[in-house]
Amino acid sequence: MNRALSLRTIVGIALLVALILLPVYVEVTGSRFLLTLFTRIVILAIAAVSLNFILGYGGMMSFGHAAYLGIGGYAVGILAFEGVTSGFVQWPVALLVSALFALVTGALSLRTRGVYFIMITLAFAQMTYYIVAGLARYGGDDGLTIQKRSQFIAPINLSNKVQFYYICLALLCASIYLIWRIVNSRFGLALQGARSNDTRMRAIGFPTYRYKLTGFVIAGTLCGLAGALIANHTDFVSPAMMYWTRSGDLIIMVVLGGMGSTFGPLFGAVALLVLEEVLSGITEYWQIILGPLLLLVVLFARGGIDGLLGKVRQR
Amino acid sequence: MADLLRTESLAKRFGGIVATDDLVLNIANGELHAVIGPNGAGKTTLIAQLSGQLAPDSGRIYFAGNDITAMPMYVRSALGLARSFQITSLFLDLSVLDNVALAVQAHTGHSFHFWHNARREPELRDPARAALARVGLSARADLPASALSHGEHRQLELAMALASKPRMLLLDEPMAGLGPQESARMVATLRDLKKELTILLVEHDMEAVFALADRITVLVYGRVIASGKPGDIRNNAQVRDAYLGEQEAVHA
Amino acid sequence: MTLFIEQCLNGLQFGLLLFLLAAGLTLVFGIMDLVNLAHGSLYMIGAYFAATFAAWTGSFVLGAVLALAATLVVGMAVEVIAMRRLYGRDHLDHVLATFGLILFFDELVRLIWGAGGMSLPLPSWLNTSVRVLPGFDYSAYKLSIIVVSLFVAAFLYFLVMRTRLGMLIRAGASNREMIGALGVNIKLLFTMVFGLGAALAGLAGLMQAPILTVQIGMGENILILAFVITVIGGIGSIRGAFLAAILVGFIDTLGRAYFTDLLRLAFTKETAATAAPALSSMLIYLLMAIVLVLRPEGLFPASSK
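Which chain is which? The protein sequence lines are G, F and R, in order.
Numbering that gives the first Met the number 0 puts the first residue of the first sequence at 0, with every later residue one more than the last.
Numbering that gives the first Met the number 0 puts the first residue of the second sequence at 0, with every later residue one more than the last.
Numbering that gives the first Met the number 0 puts the first residue of the third sequence at 0, with every later residue one more than the last.
Hints were generated in silico from the structure; no laboratory data involved.
If you want the footprint, here are the derived chain R segments under chain G, 3+ residues with CB under 8 Å:
1. 86 to 98
2. 104 to 117
3. 219 to 227
No residue lacks a Cβ here, since even glycine has one placed at the ideal position from N, Cα and C.
Given the sequences, and given the hints that come with them, work out the whole structure.
Dropping the structure here:
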């Protein structure tokens with residue numbers, strides 16, 4: 000392994016630095032909407048990091064990952080509606096419910112493989128969508144407005160947009176670091192081995208099911224955190240957050256950025272959402288470009304942005 | 000000497016095809032026992048059942064005194080029964096060293112360690128390097144496994160089987176597709192390993208079989224038609240007709 | 000009692016519609032090993048074409064026939080341009096690529112037809128009731144959906160079981176490599192199978208248009224159900240898709256009809272109204288989850304067909 004930093008790592012770190020400096024830029028230029036946009040990007044990047052963990056490293060193609068965004072979001076929303084606005088209660092509940100959901104659905108889903116796994120994760124996510132849409136008390140299809148953001152102790156104030164942005168960014172950096180450490184640990188290598196060749200793993204003595212399930216739960220919990228954050232960001236939750244096409248968006252982010260790489264999910268989230276913004280400025284029919292673009296990426300640039308950066312210097 | 004591995008009336012069918020037919024096998028501790036037979040004799044199916052990849056329809060398998068018939072693959076591996084694959088089954092997108100280190104990791108405690116860099120653990124890396132040295136692949140340790148030649152893949156297969164410090168190896172055609180030089184090296188490695196391990200060797204390469212085996216069992220249509228010392232097998236008329244006949248003609 | 004019969008007929012009709020959609024999906028998956036998320040887009044296009052052509056020609060039937068032909072053409076074009084490059088690749092690649100196609104088609108439809116959706120009114124001769132049983136009238140149009148779907152199902156059965164093409168399809172479903180080795184023009188076969196699937200989807204789309212909807216995103220909503228049916232029935236199995244679709248159609252329709260009443264016993268009207276469709280949808284997903292865990296090859300797998 001080369002000791003020098005690869006281009007991918009340099010670009011990744013540079014991007015993080017740029018994100019740290021963003022509020023300064025916003026202050027100077029007054030383009031407040033950039034702060035809103037990038038808060039959203041940072042939060043969805045956390046969700047992408049969690050999906051990349053099981054998809055890129057673990058080889059588990061979950062098409063129901065948006066369910067955790069919804070679960071985390073609704074945990075905050077429902078508790079806030081019922082008068083519990085303390086973040087110290089809401090966020091742990093969001094994480095716990097996400098973990099439990101991942102444990103139960105993962106335990107069942109992981110008994111299947113390939114496209115069956117895709118379908119069953121999709122089905123479970125749709126089930127939560129329908130459950131939540133059926134909860135008349137919490138707005139059903141129309142969604143639920145959150146009157147007050149998660150309350151922590153002063154000086155933490157999530158209603159302060161800049162503060163909230165930095166909190167999200169800090170959580171993103173922590174997530175990237177945490178997943179990076181896990182991926183290179185014994186557990187992470189076991190997971191990667193299971194992705195590479197599950198039969199061989201079992202033949203040499205790994206009970207792969209329990210490791211995949213653990214990874215699945217970790218990813219779900221992290222995405223639940225992203226859900227709690229996004230609920231605070233939009234002050235609103237609705238069943239649409241977990242519709243299966245949203246899971247598709249997350250997968251696009253992960254693939255576009257580069258599956259199974261450290262900074263890939265960040266690249267993907269930034270690329271997709273910035274692309275959306277730019278393209279929708281050009282034409283309101285921007286998805287006409289995004290659709291075929293995705294097809295082209297799949298056919299010709301499978302390694303995503305990270306893959307392209309990796310090719311720049313041939314060793 | 001007690002048998003390390005034995006089967007009782009093992010049977011397996013796939014629809015109308017009888018792959019394993021009332022198979023009785025006895026492998027003594029410390030011996031190298033070869034299983035030969037024409038194509039379609041059910042040799043790979045036998046290894047699959049012994050290693051736990053396939054469940055037999057009936058019959059029992061005993062290893063080191065334990066009834067392992069119902070045990071899943073990873074438990075048998077933990078008991079000391081390791082196998083190599085006939086069709087290369089490696090972690091192609093990981094490095095050669097990673098491949099073997101994973102095999103070591105499987106037998107070094109559990110893998111619920113989330114923080115420390117496993118690629119820097121001497122407990123995992125040292126035995127992996129030792130196994131690679133054993134089969135002569137040290138120079139290729141840091142390459143992705145996909146970069147290796149076919150012959151080197153077979154060597155890597157063996158290294159991985161060794162990494163779990165097994166008591167017994169199930170080797171499924173380790174010589175498959177090897178040229179003369181590579182075959183000779185593999186035979187030398189196996190001869191070396193014979194001293195510390197019990198080996199069940201499924202092979203087509205008759206030279207290697209007769210050079211290495213303490214005992215040979217002959218399989219035809221899933222059934223044992225002869226079992227004994229190499230000399231006896233070579234002289235057995237039934238075996239000649241069924242199998243060795245064609246081989247002898249080729250060798251001559 | 001008549002209400003029950005009516006709901007049963009509704010369930011049958013919905014089930015048959017789902018069968019048309021699922022049949023194409025399971026064929027494509029079984030023969031070409033292609034996971035096509037954009038199948039719902041073909042369903043949507045069928046509906047939009049029908050609404051447009053019916054308005055142009057002033058005839059419902061003519062519009063429907065033209066729409067069917069147009070969807071077939073679009074399907075084959077998609078196969079040649081995009082799908083061909085995906086064969087043999089990872090299922091993940093299929094999912095991603097066809098997901099991209101969904102985005103593309105949704106926007107294309109929005110570009111051409113606008114965001115508002117369309118309507119396809121029934122001609123007067125179909126907009127009546129038929130006396131099915133003494134004292135019980137049923138919508139003539141829904142009845143015709145049932146009739147047409149059963150006819151198509153019979154045709155598919157005949158095609159798959161009695162013709163050379165069908166033999167190739169069945170062989171392909173159980174062993175793809177073999178049919179290539181047999182010297183069959185694989186490219187043409189695949190294009191035709193995909194086209195057939197597209198036509199079936201388009202037919203389903205245009206038939207449901209007068210009674211349900213013609214709008215963007217309609218494909219995504221029903222696609223999941225089609226996939227669920229494919230999985231429950233067994234991938235590659237038309238018979239499985241048929242039986243599973245009827246089953247799902249019944250569960251969904253009867254569930255919606257009777258869960259509302261059941262729930263109203265214990266909860267308020269509003270709660271019951273929103274929870275009932277949720278419950279019946281959940282039931283279907285639960286069924287799929289159970290099938291996947293207990294019998295992953297499906298209830299009526301292709302190999303036994």
